[in-house]
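**Q** Here's the letter readout for the chains.
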Amino acid sequence: MAGFAIASLIGIPTGILSGRSSRICAVIDPFIHLLRSVPGIAWLPLAMIWFGIGNRTSLFLIVLAAFFPAYVSTYQGARNISPRWVQTAEMLGATRQQILMRVVLPGAFPSIETGLRISLGISWAYVVLGELTGVNSGLGALIMDARMMGDVIIVMVGIICIALLGRISDLLLQFLLHRLPGHYAGRTGREEIL
Amino acid sequence: MNGADQAIRFYEVSKDFSNSPDGKAPLSVLHRLTFSAGTGEFVVILGPSGCGKSTILNILAGFERQSSGRVSVFGLEVGSPSSEHGMIFQEDSLFPWLTVKDNILFGPHCRGEKSLPDIRAYLELVNLPGFEEFLPHRLSGGMKQRVALARLLINHPRLLLMDEPFGALDAQTREDMQELVLSVQMKYGPTVVFVTHDVDEAVFLADRILILSARPARLSAVVPVPATRPRDARWREEALFHRTVAEVRHALKKST
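In the order they appear, the protein sequences are chains A and B. Numbering follows this note's numbering, with no gaps: position 100 of the first sequence is 100. Numbering follows this note's numbering, with no gaps: position 197 of the second sequence is 391.
Don't take each hint at face value.
[As the list claims (entries may be wrong)] Some chain B residues judged to face chain A by a derived CB distance under 8 Å, without partners named:
id, residue
1, Tyr205
2, Phe211
3, Ala255
4, His279
5, Gly280
6, Arg305
7, His350
8, Glu373
Please keep in mind that the hints were generated in silico from the structure rather than gathered at the bench. Predicted model only: the values in this text are computed from it and were never measured. We treat Cβ as the ideally placed atom computed from N, Cα and C, and that holds for glycine.
Use the sequences and the hints to build the structure in full.
**A** Right, here's the structure in full:
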């Protein structure tokens, strides 16, 4: 959870800035995509040297892996904001900061939501991965123990639990996002035109 | 037509777009265009499509800069966009995540006004009473343009720029909207620059019609509209209206 929250808190603002400023984009975007092409698991040895085996390594890997979807989709959403909206805000007297907060952020919201859902899924995957490799409690650890005992049933039960919990967390995230003020995805075009 | 009374001055204004993708010569959109408009005047710009009509509005609004020449609005050079110059676009420009009320209050909110104006008066003015809490996707095209108009009027702009605002509406709604624009202009008295390619619309609304040539746009004729204000829907029925329409069509044909 903490890993996902940190990743979103870094990913969304950098995505917005990078999507709206070609200068910021030129500096950080190539660098981020270079890092993105490294599979998360390849960081494991380095993380183990830095943080040892355990929760902090897990946290590091989750933040790293969950950051990219949040960043990339926020970036795309911010970049695709209709220029008309920005012009409209300007002529209604909005400052640049107000345009970011009142137009770009809500306008990019549908993309941001997609990114966050993917990020959360990845976070969850890395939690389990951490438990499979280092952390010795949790569902991942349970599966590994069961494997040692040769108990396939427990392994299967573990997998089903992981799936259910992943789905529940996704639904919970959507539920929370849909309660944010300014949320409008899914509210467009569903009802009849007056 | 001179001195402090002038709302808009376009003097020898040219606009070239140099970043053509195929590396050809720069595309010249406006060529040394000169015109002016008095305070409170309703000017309609007519011309063939693609002749740079919208570019004129974009320059006046501060969205684009001219390549050469001078542009002043109320005696000041046009800098960045401001709430003094409001623009209505052809397509929907409402923020889909805000209700009608919050769309209209966007300007006052941004300025951090403590006592927000009463939006009911503005909704009544544009004939949409009771729609405060609706989201834009539940409104028809004509209603959206009414909200866009109310959203501008709440800022009390001195200059109203309209870029084929009713081009996407059906004929009946269009006529209603034209009458609405007349009544709004009578009430607030802003200077209006209105771009269209509909001759009837031009004659119905304008004090003066500027006819542009094909690209690069030059002023090819100016037709004053011989009708007094206030006007209403009956102006469309008069013989003088039809004579003026014929005259404008003729001038338009000669210009292309």
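**Q** All the hints need checking, so say for each whether the structure fits it.
**A** Evaluation of the provided hints:
At a threshold of 8 Å, the smallest CB-CB gap from tyrosine 205/B to chain A is about 23 Å, leaving the interface hint violated. This hint is violated: phenylalanine 211/B has a C-beta 16 Å from the nearest C-beta of chain A, more than the 8 Å allowed. With its C-beta approaching chain A no nearer than about 6 Å, alanine 255/B sits inside the 8 Å limit, and its interface hint holds. The criterion of a C-beta within 8 Å of any C-beta in chain A is met by histidine 279/B, whose closest approach is roughly 7 Å, and the hint holds.
Interface hint at glycine 280/B: satisfied, since its Cβ lies 6 Å from the closest Cβ of chain A, which is below the 8 Å cut-off. Interface hint at arginine 305/B: satisfied, since its Cβ lies 6 Å from the closest Cβ of chain A, which is below the 8 Å cut-off. For histidine 350/B, the interface hint is violated, the least distance from its beta-carbon to any beta-carbon of chain A being 11 Å, above 8 Å. The closest approach between the C-beta of glutamate 373/B and any C-beta of chain A is roughly 21 Å, which is over the 8 Å cut-off, so the hint fails.
Taken one by one, the earlier hints fail for this structure at numbers 1, 2, 7, 8, listed in ascending order.
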